[in-house]
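Chemist: Here is how the chains run, residue by residue.
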Amino acid sequence: MRWLPFAVTAWLFFVGLYGMVTSRNMIHLIICLAVVQSSTYVLILSVGYRTGAIAPVFADWPVSTPAVDPVVHALALTDIVVGATVTALLLVLTLQIMKADKTIDPDKIQPLRKRK
Amino acid sequence: MNHILPLPVAIPLAVAAFLTAASSVISRRTADWVAITTGAVSVLLCLLVLVRLEEIPVAYWFGGWQPTNGIAFGIAFTVDRFGLVTAANVALLGTASLIFSYHYFDSVGTLFHTLMLVFIGSMVGFCLSGDLFTFFVFFELMGATAFGLTGYKVEESSLSGAINFAVTNSIGAFLMFLGIGLVYGRTGALNMAQIGRSLAMASPDSLLLASFVLIMSGLFIKGSIVPFHFWLSDAHAVAPTPVCVLFSGVMVGLGLFGGARVYWAIFSESLHSQEQALRTVLLFGGIFTALLGGVMCFLQRHLKRLLAFSSISHMGIILVAFSLFDPVGLAGGVIYFLIHGLIKGGLFLCVGILLHRLESVDEFDLRGKGRAVPLSGVVFALGGLLLAGMPPFGLSIGKGLIESAAEKAGYGWTKIAFFFASALTGGAVLRAAGRIFLGLGREKGEEKTGATEQEKPETKGSHGLMLWVTFGPAAALIVLSVLLSASPDLSRHGVKAAAEFQNWRGYGEAVLYGKDQAFRNVQVPPVAKFSPVSGALSTLGAVLFAILSLFLFKLSKKAFKFMDRSTDLPVRALQAVHSGHVAEYIAWIAFGVGAFGVCLAILLQ
Chain Y
0 MRWLPFAVTA WLFFVGLYGM VTSRNMIHLI ICLAVVQSST YVLILSVGYR
50 TGAIAPVFAD WPVSTPAVDP VVHALALTDI VVGATVTALL LVLTLQIMKA
100 DKTIDPDKIQ PLRKRK
Chain H
0 MNHILPLPVA IPLAVAAFLT AASSVISRRT ADWVAITTGA VSVLLCLLVL
50 VRLEEIPVAY WFGGWQPTNG IAFGIAFTVD RFGLVTAANV ALLGTASLIF
100 SYHYFDSVGT LFHTLMLVFI GSMVGFCLSG DLFTFFVFFE LMGATAFGLT
150 GYKVEESSLS GAINFAVTNS IGAFLMFLGI GLVYGRTGAL NMAQIGRSLA
200 MASPDSLLLA SFVLIMSGLF IKGSIVPFHF WLSDAHAVAP TPVCVLFSGV
250 MVGLGLFGGA RVYWAIFSES LHSQEQALRT VLLFGGIFTA LLGGVMCFLQ
300 RHLKRLLAFS SISHMGIILV AFSLFDPVGL AGGVIYFLIH GLIKGGLFLC
350 VGILLHRLES VDEFDLRGKG RAVPLSGVVF ALGGLLLAGM PPFGLSIGKG
400 LIESAAEKAG YGWTKIAFFF ASALTGGAVL RAAGRIFLGL GREKGEEKTG
450 ATEQEKPETK GSHGLMLWVT FGPAAALIVL SVLLSASPDL SRHGVKAAAE
500 FQNWRGYGEA VLYGKDQAFR NVQVPPVAKF SPVSGALSTL GAVLFAILSL
550 FLFKLSKKAF KFMDRSTDLP VRALQAVHSG HVAEYIAWIA FGVGAFGVCL
600 AILLQ
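Chains Y and H, in that order, give the protein sequences. The first sequence begins at 0 in numbering that gives the first Met the number 0 and counts up by one. The second sequence begins at 0 in numbering that gives the first Met the number 0 and counts up by one.
You may find that some hints are simply not true.
[Claimed, not checked] The calculated lysine to aspartate or glutamate pairs, modelled on EDC-like cross-linking and capped at a C-alpha distance of 20 angstroms, are: (1) Lys495/H / Glu54/H; (2) Lys553/H / Glu442/H; (3) Lys528/H / Asp515/H; (4) Lys557/H / Asp567/H; (5) Lys495/H / Glu508/H; (6) Lys528/H / Asp488/H; (7) Lys98/Y / Glu154/H; (8) Lys101/Y / Glu442/H; (9) Lys528/H / Glu442/H; (10) Lys107/Y / Asp488/H; (11) Lys107/Y / Glu154/H; (12) Lys560/H / Glu442/H.
No wet-lab data here; the hints were simulated from the structure. Just so we're clear, the structure is a prediction, and the values are computed from it rather than from any experiment.
Next up, chain Y with everything else stripped away, as it sits in the complex:
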């Protein structure tokens, strides 16, 4: 089952991407972006996983006990923080668009329009 985490990663990535491409609602699109991002957590955590190993806290265990890699946890945490920031920012922007345009359909929101 070594391949399973990689398959989940690929699945999450592509299903999120598909959701974003076909999205008709800005908030849906932002959540799909978060789905794409969660694929990165799965990959990074599976990279550091060791079967039968303990969590990297050695309070009750001898120091030589095999433990899962704590570095990947730090990476995943950092990535989660960044993801939260970007999601919050995107939601704020969407809120402002809703106020100005009264729509959050990505098809109706365009940066520049041709002047008639």
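Based on these hints, arrange chain H on the given structure of chain Y.
Modeler: Using the frame of chain Y, we list chain H on its own:
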């Protein structure tokens, strides 16, 4: 001297935090002065490190966590000439835009300064990172502040531009993070030097290839290489002018700088045998970007969009320089990146002056009105000529080096593509200068000549000091780009920086074992000789393109009609592709990553 290295990053970040904390207490003017001083201090620190480079260890380990037996435990900043010059350029352009914003956004308080300082600090950190994850975090930080700055004006179009920017670049960051995860799984290391040494023996298998494609795609989205470039014109068109200076001048190029850093520090040895395949893919990507950017640039009437597409085109040229895998070619790319940033910064500030004084950034609206600000017109036109690669100035030196390296690698024909990229981007600026400042050309544009909108002025009222505060930085950047080219050593320094940058073996020994001499004492290849003819030709081409587009309708009605009809379909197709739909951009990214991977898989042996 060692501890000076983190300061150009730490000081802007610390001051930004201070400004936020004190935002209710200090006045707008104080914030201006604090921010400008901080920017200037960062420039000085970068230059100080550059001057005393020989005395400073290559690696700075945070908290004193030195590596043991070639295994890194701590997080490192590393110094090399290319990274430092880029960092200095970031700080310099940042300071120029902060000075320019002295009278900008009268009502914004200090948040703008905070974001700008974090943006500058994160970009400098990106240039100095020697650790793949720190590199990624600075990449993300620079993205997040950039998204905020793009939507700063909170207008309809700036919001959707910021969303397109944030969504596409976040996908880029995820791709890069997946690649980093794979590399970490393979090597168990995050320090770039250690990864490079550990991969040096590896054969290029599918895992290595996948991580290479993922990391590079993420960086190319930032570097706006076709078909990842769509966000750039949307973001530039709507971002505040001082922010555009940093976007076009350095941030976009940092994507390519990052690609070069990752390639030479990590992948260069393991993919060495596959250089031919990589060169083919990247070189064609670069050429295509240069040409498409040039054509799109020429079709715009919205000045910020025009300059944005011109940046895309020049990024294509820089990618070609990197993809030659040759110190002389890379040197050309380094010089090109540096000088292009200064010129583009100056041009964007000129557009900012137009927006402030004449309240428009539309070429046809502004026709003839530019006479009110003649000095800006001179700077703008000079910028156009420099952008076209007028010899003997900066871009012609960079381009000459790239072309001579391309010739050596058997890609001499690239100079034809470069001619069109330079002539079209320079010509578009000259055409706009002619129409705006001299009132030449037709009064009304065809509808198809590009999207535009009425942009609200970013300033209120006119101040006596305004002229010098806004015009000063614009002129200073252009003049500096000219002065730098006057230095006869520019190309020699460039080649030295490039040879050092490509010295992956020395980099590993210096970072992990403290053998700095192995990195610094690199064999510098002779500087290639090149003739100024190609620069002169592209300048002439730019002038010709500008004259034709301004006067063709007068010279011959028939020819004008023919041109109009024959270009109608392709122009409409190009405009349709650059639709502003974020979903389409995402689809293009998916296509681009797939195509990049498939091309490499086919070409690799």
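Chemist: All hints are to be evaluated individually against the structure, with a verdict given for each.
Modeler: Now for the hints, and whether the structure bears them out:
no. : hint                : verdict
1   : Lys495/H / Glu54/H  : holds (17 angstroms)
2   : Lys553/H / Glu442/H : holds (13 angstroms)
3   : Lys528/H / Asp515/H : violated (31 angstroms)
4   : Lys557/H / Asp567/H : holds (15 angstroms)
5   : Lys495/H / Glu508/H : holds (19 angstroms)
6   : Lys528/H / Asp488/H : holds (13 angstroms)
7   : Lys98/Y / Glu154/H  : holds (10 angstroms)
8   : Lys101/Y / Glu442/H : violated (36 angstroms)
9   : Lys528/H / Glu442/H : violated (45 angstroms)
10  : Lys107/Y / Asp488/H : violated (53 angstroms)
11  : Lys107/Y / Glu154/H : holds (15 angstroms)
12  : Lys560/H / Glu442/H : holds (17 angstroms)
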